[in-house]
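**Student:** Go ahead and model the full structure; you've got the sequences and the hints to work with.
Residue numbers (UniProt numbering), protein chains in the order written: chain A, 1 to 307; chain B, 1 to 295.
Treat each hint with caution, since some may be false.
As the list claims (entries may be wrong) - Covered stretches of chain B (in silico footprint by chain A; criterion: 3 or more residues with CB under 8 angstroms from a CB of chain A, positions within the stretch not fixed):
id, region
1, 44-53
2, 129-140
3, 199-205
To be verified - In silico negatives: residues of chain B with every beta carbon more than 10 angstroms from chain A:
id, residue
4, N83
5, N153
6, I184
Stated by the list, open to error - If you anchor each label on the Cβ, the simulated ranges turn out as follows:
id, chain 1, residue 1, chain 2, residue 2, range
7, A, R206, B, T258, 38 to 44 angstroms
8, A, L60, B, D240, 49 to 55 angstroms
9, A, S203, B, R182, 22 to 28 angstroms
10, B, K119, A, S66, 34 to 40 angstroms
11, B, L42, A, R300, 39 to 45 angstroms
12, A, S203, B, Y118, 50 to 56 angstroms
13, B, S239, A, Y151, 43 to 49 angstroms
14, A, P9, B, I276, 56 to 62 angstroms
15, A, A153, B, T258, 22 to 28 angstroms
16, A, L93, B, C194, 52 to 58 angstroms
17, A, D54, B, S239, 30 to 36 angstroms
18, A, R300, B, K119, 23 to 29 angstroms
No lab work stands behind these hints: they were computed from the structure. All C-beta atoms, glycine included, are put in the ideal place defined by N, C-alpha and C.
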Amino acid sequence: MNLQKKTFPWHIVVFLAPAVIIYSLFSALPLLDTLRLGFYTSNDAGVHSFVGLDNYRTILFDSDWSKAFWNAMLNNVKFFAIHMLLQNPIGLLLATLFSLKGLRGARTYRTLIFLPTLLSVVIIGFIWQLILSPLWGVGEGLMNHVGLGDYFAPWLGQESTALLTLGLVSVWQYVGIPMMLIYAALLAVPEEVLEAAYAEGASSFRIFWQIKLPLILPTLGLVTILTFVANFNAFDLIYSVKGALAGPNYSTDILGTFFYRTFFGYQAQIGSPTMGAAVATLMFLVILLGVASYFYFVQRKLTRYEL
Amino acid sequence: MNSISSLPAEQSATVAGRGRLRTNLGRIWVHVVLCTYAVIALFPIALILINSIKSRDAIFDNPLAFPTPESFSLIGFEKVLHNTNFMLYFGNSLVVTLGSLVLIVLFGAMAGWALSEYKFRGNRLMALYLALGIMIPIRLGTVSILQLVVSLNLINTRSALILVYTAQGLPLAVMILSEFIRQIPKELKDAARCDGVGEFKIFFQIILPLIRPAIATVAVFTMIPAWNDLWFPLILAPSDETKTVTLGVQQFIGQYVTDWNSVLASLSLAVIPILILYVIFSRQLIRGLTSGAVK
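**Tutor:** Shown next as structure tokens:
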């Protein structure tokens, strides 16, 4: 070992190089380059010229663009809110139930409920499209069965309900992720603490609220930021169900579909890589803001609770 | 996995004494809630699988019924497998997913080993640099990735997808694997070094076999997003020869939307590999998640 230290450690370079090169070339550098491209514009010949903040001025202040951008942003916030209000609480509830001691079939439930998470969003989107379509009538038929048939409506086709419906489909699919992360955290709660609480006669509810919940707060923080990043980067579900136009009348448009249209164009509008880069940069800033506030406020505050 | 012991339950029963009936009732409610949710989770998938093996009339007349000998039909599968490029798309998905998987595991383990085993200047900085990719979606760099792929003459190739998915999967893989490599006892490596075994041999012959469980975890975590991705196949490899299943299904269903047998069959064909994979790897997946590999 001492002999090796004096020569240049080539082996370290060889071990690190493949990963670092591929990661840099296809992930880190393209990201930086995209941030750079946001400051350029390209003409018909594809020649880039520097325009400073013009692209951002257009997106944020040009009446057509800013309307579309803020609509997508607002829809994205709603999409995130649906996940925070439903997906994560349901995940918490399910995980809490699984982790009850001596529950029979816990592993089976866990396995079954996690399954939709693994399927492609494209498939999920189509399955729900079929179920909710008035044409096939599975959804309507089921609602008739329980006497709610009159309330059935083509939810995916109405401006007022399309985004909520897609949000619910996404919640349905991804509830397994918070469920599993929270479950793992609940397993890590020290046995002695719980036993002591039981011995003192504390009820299951009290144990949950006063012991388990505070101990898994860091995981809830992690779940929140993962949900945030995933939601503000979402694209597949909206695209596969509603297409690049995110209809009806852009009511399901989120940043991912807005980015895609800006980059590749649609109908009369010609796609622009540089404008696309500017949109990607704005998305990057939103995600960065979320991740940074998670690290600075949530995680730093929460580590105190960790044992 | 065996952590579910009956000990605390017995204890609480004796401590609580009269609370026994309440506990049993509570258990029933727990099962009711979990069963209901499991049905909600599985119903849409089961619906597709059941109807994909029914005749067209039966799909419409009674979508909720199981196939009977009269309504059973494989016409959808026949049409999809004979008249379309479905098998080609399948092959493409397989090549892309397995290709990126091999690269992620190999390069991820090598980098994880380097970062956890050797002390060198910039070690922590390098670890941080690689870890950034866990939180920041690679999709945001698409504009430049497309330009790069075009300039490398890799557009409409499966290699382009493999490289992008490798870049996407490496950060998490490096993190999980280096964490795991750290737990390998020092004596093993030191003994080998005393015998004059080279660093590469130590890695490939001692370390790699030892980290097999972690590799399985990484495999599951990287395979699924690669298999399911729509964005990059749509942008980097949309040609008919390089389409993946996900993209194929997405475009295929648009064209054949009135042919319900084919639509349901193609959805089923796209679901089944993941179902099989899940059956094989579900233990590994859950172990990976619950052992804190992704914290």
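**Student:** Is 22 to 28 angstroms respected by the C-beta to C-beta distance linking A/S203 and B/R182?
**Tutor:** violated, 41 angstroms
**Student:** Cut-off 8 angstroms, C-beta pairs, minimum 3 residues; does the coverage of the region 44-53 of chain B by chain A stand?
**Tutor:** holds (count 4)
**Student:** Does the hinted range 22 to 28 angstroms hold for A/A153 and B/T258 at CB?
**Tutor:** For A/A153 and B/T258 the Cβ distance comes to about 23 angstroms; the hint holds.
**Student:** Since B/N153 was said not to touch the interface, does its Cβ keep a gap of more than 10 angstroms from each Cβ of chain A?
**Tutor:** With a cut-off of 10 angstroms, B/N153 remains clear of chain A, as the shortest Cβ separation is near 15 angstroms.
**Student:** How does the coverage statement for the region 129-140 of chain B fare against chain A, requiring three or more residues with Cβ below 8 angstroms from a Cβ of that chain?
**Tutor:** holds (count 10)
**Student:** Within 50 to 56 angstroms: is that where the Cβ-Cβ distance between A/S203 and B/Y118 falls?
**Tutor:** holds, 53 angstroms
**Student:** Evaluate the condition: distance from the CB of B/I184 to the nearest CB of chain A exceeds 10 angstroms.
**Tutor:** holds, 15 angstroms
**Student:** In this structure, is the beta-carbon distance linking B/L42 and A/R300 contained in 39 to 45 angstroms?
**Tutor:** Hint holds: Cβ distance 40 angstroms, inside 39 to 45 angstroms.
**Student:** For the hint 49 to 55 angstroms, verify it against the beta carbon of A/L60 and that of B/D240.
**Tutor:** violated, 40 angstroms
**Student:** A/R206 and B/T258, beta-carbon distance inside 38 to 44 angstroms?
**Tutor:** violated, 58 angstroms
**Student:** 23 to 29 angstroms was suggested as the range; check whether the CB atoms of A/R300 and B/K119 agree with it.
**Tutor:** holds, 28 angstroms
**Student:** With 10 angstroms as the threshold, tell me whether B/N83 passes as away from chain A on beta-carbon distances.
**Tutor:** holds, 19 angstroms
Taken one by one, the earlier hints fail for this structure at numbers 7, 8, 9, 10, 14, listed in ascending order.
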